[in-house]
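Novice: These protein sequence lines map, in sequence, to chains A and B.
When you read off a place in the first sequence, starting at 1, and then add 57, the result is the number in the numbering used here.
When you read off a place in the second sequence, starting at 1, and then add 1, the result is the number in the numbering used here.
Think of the hints as simulated: they come from the structure by calculation, not from any bench.
Virtual Cβ for every residue (Gly too), placed ideally from N, Cα, C.
Do not rely on the hints blindly, as some may be mistaken.
Computed spacing ranges between beta-carbons, pair by pair [stated by the list, open to error]:
1. A:Asp-187 to B:Ala-59: 55 to 63 Å
2. B:Tyr-276 to A:Gly-143: 40 to 48 Å
3. A:Ser-207 to B:His-351: 53 to 61 Å
4. B:Tyr-276 to A:Leu-284: 50 to 58 Å
5. A:Val-130 to B:Ala-59: 26 to 34 Å
6. A:Val-130 to B:Asp-223: 47 to 55 Å
7. A:Gly-104 to B:Glu-56: 32 to 40 Å
8. A:Ala-239 to B:Ser-268: 38 to 46 Å
9. A:Glu-319 to B:His-351: 48 to 56 Å
10. A:Ser-207 to B:Asp-99: 44 to 52 Å
11. B:Arg-157 to A:Glu-319: 31 to 39 Å
Subject to a maximum C-alpha distance of 25 Å in a straight line, what follows is the list of computed SDA-like cross-link-like pairs (lysine to any residue) [stated by the list, open to error]:
12. A:Lys-190 to B:Glu-174
13. A:Lys-254 to B:Lys-148
14. B:Lys-148 to A:Arg-154
15. B:Lys-148 to A:Glu-319
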Amino acid sequence: MRLVSAELVESRQILPEQWLQSFHAPELAGAARAGQFVHVRTGDYSGLVLRRPFSVNTADAATGIVTVHFRTVGCGTEWMTHARPGDRIDMLGPLGRPFEVDPRSHNLLLVAGGLGMAGVRMLADEAVRDGRKVTILFGAVDAAHVYPSSLLPDEIEYVVATDDGSLGHRGFVTELVPDYEAWADQAFACGPHPMLKRLAELAAGRRERLGVARLGRKGGSGRADPLGSAAARRKAFLQVSMEQTMGCAVGACLGCVVMGVEGPQRVCREGPVFASEEIAWESIA
Amino acid sequence: MKARRKVVTSPDVRPVKPKRTPTVRPIKSAIVPVDRSRVRPSAGRSAPPAPTLAEREALDRIDLSVELAPRRGLRLPNPIMVASGTFGYGVEYGEVVDVQRLGAICCKGTTLRPRAGNPPPRVTETPGGMLNSIGLQNPGVDAVIEKYGPIWQGWRVPVIVNVAGESIEDYVEVARRLDGVPGVAGIELNISCPNVGKGGLQFAIDRDAAKAVTAAVRRATDLPLLVKLSPNVADVRPIARAIEEAGADAISAINTLSGLAVSADRSRAFLGNTYGGLSGPAVKPVALRVVYEVAQTVSIPIVGIGGVTNVGDVLDFMACGAAAVQVGTSLFADPELPVRLAEELRLECHKRGLASCEPLVGTALPKRGGAPSAKGVEYRP
């Protein structure tokens, strides 16, 4: 974690109200892992007092470029869209805990809803680099809001669902998951909380439906890793990237909690990535 | 608002951009933003021009230290503290802030037993501020002492433990357990949390209750004792007077103002706890008013809290009678702010030819000897 002054290199609108910005921030690009986020300080001009958290969309250590993908939802993100290449923006990061991929997992299923693509996008890069197979299931309201495939690595399979059927499957992206759950060794998701909740239900019943043996030397009968540990997450089938309104982003203010089975969990410190078993899904609206 | 971040640098001096060529050539943007004037590259963290050696020596001679508990001894190296609940236990920001350069750390509100806090969402941004309703989530006093006591012991910076409770017995028991713990420099009595059902505001809005809890804690411990006032009262002066009489060493003012935010679809309140506490620059005038009133009521030191974002705010609070200030919400945007404020305060003293910051305190208060201020009653219904 460090404070860096990141130089905006490129800013463009990729979808309605959604922007992709590239920053030159070698310290961040070298350190960030998929699932982590940066806390961006927006301008003071309108009395904004909080930073804005954004998932690290991609990070390239070789070029020192970090990208963030965001939707303009208020004055802070609006301010960011007015930034021009060359401007310096104050970022705190990388923050949070990353996705943990089991070294034995070969087939990764990434599920993204809308802007949730920003949360899992970097994992696709990392997985492709490590020689894994990746399928991204993506859900959007209509064809106009579908993440452009040109911005994704060539090696992946990209399957789209839209609410109105204007592109790909008609319906929710979660309806595509059963077709892939047998193929996938692990799944990673980011998106609206109802989507994540549905995925958690699917993941909880997967073992029984498919009759999958537990991985591990003792067939999973050994002592379980403590909930929330990196090792436990690595073994979890589904990892989700959660979202919450955030204050400090370093774990001091306890503002960004989601309810976990073992009490409140800070999205900024214990998360944003959680194994689906860690979250008390009944409390998620 | 516009000039806020350029406190020391004169406005016409543009920050010098380091000569760094991005490895990837900038691609011409398809959409060109029109309003260039709205974008101001982040320049707030650029350091003021380095002083010369002679200046540096003169600056170092300035004594910024303040004594918050003259009878018991709570000397802060400088008057810039961090406010409870915004800095955790002092370790969270360790990677980006040199905590040893702070005046003091007020840790997260600590209760006798562990508390899970309020249901999420717990924070939201509001114009010029934020609402929070954490609900005093904390692991309990014993866990805090066990986990952080040894860390604090090794620190130069004083750590003041913020204490909350549901009953007088709770407050007393927590204070008793903190008494004598190495690394605990003092106690800040949180009798003004607006976000918990029981034991939140009830002590801060009632003069007798405030007096009773302060006196009880005073008997239980000899640690320096600060009591944090709430602005959610009609008149803060009798409460401040009662707290002083009960033996508090200092008063901190203010805690958050009770507020509310509505969800985006207008179907319910946004925060999980419905109500939240408002903090940030938006509450600064209220905080100044309370400090101004309390300063004319009591003779113990006052710690001003509420919307401090630059050295001007620090000077404002000091002028209204605060011996020290706490930085809270602004930390979230700018974690380095408190450390920078201490340096900027030093410069301000140097500019005015002062050897310490003490003469800055109370300059805006009505002059002594004159008729006592009757202001402050007429604006209330």
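Novice: Checking each numbered hint in turn, tell me which of them this model violates, lowest number first.
Specialist: The structure breaks hints 4, 5, 12 and 13; every other hint is satisfied.
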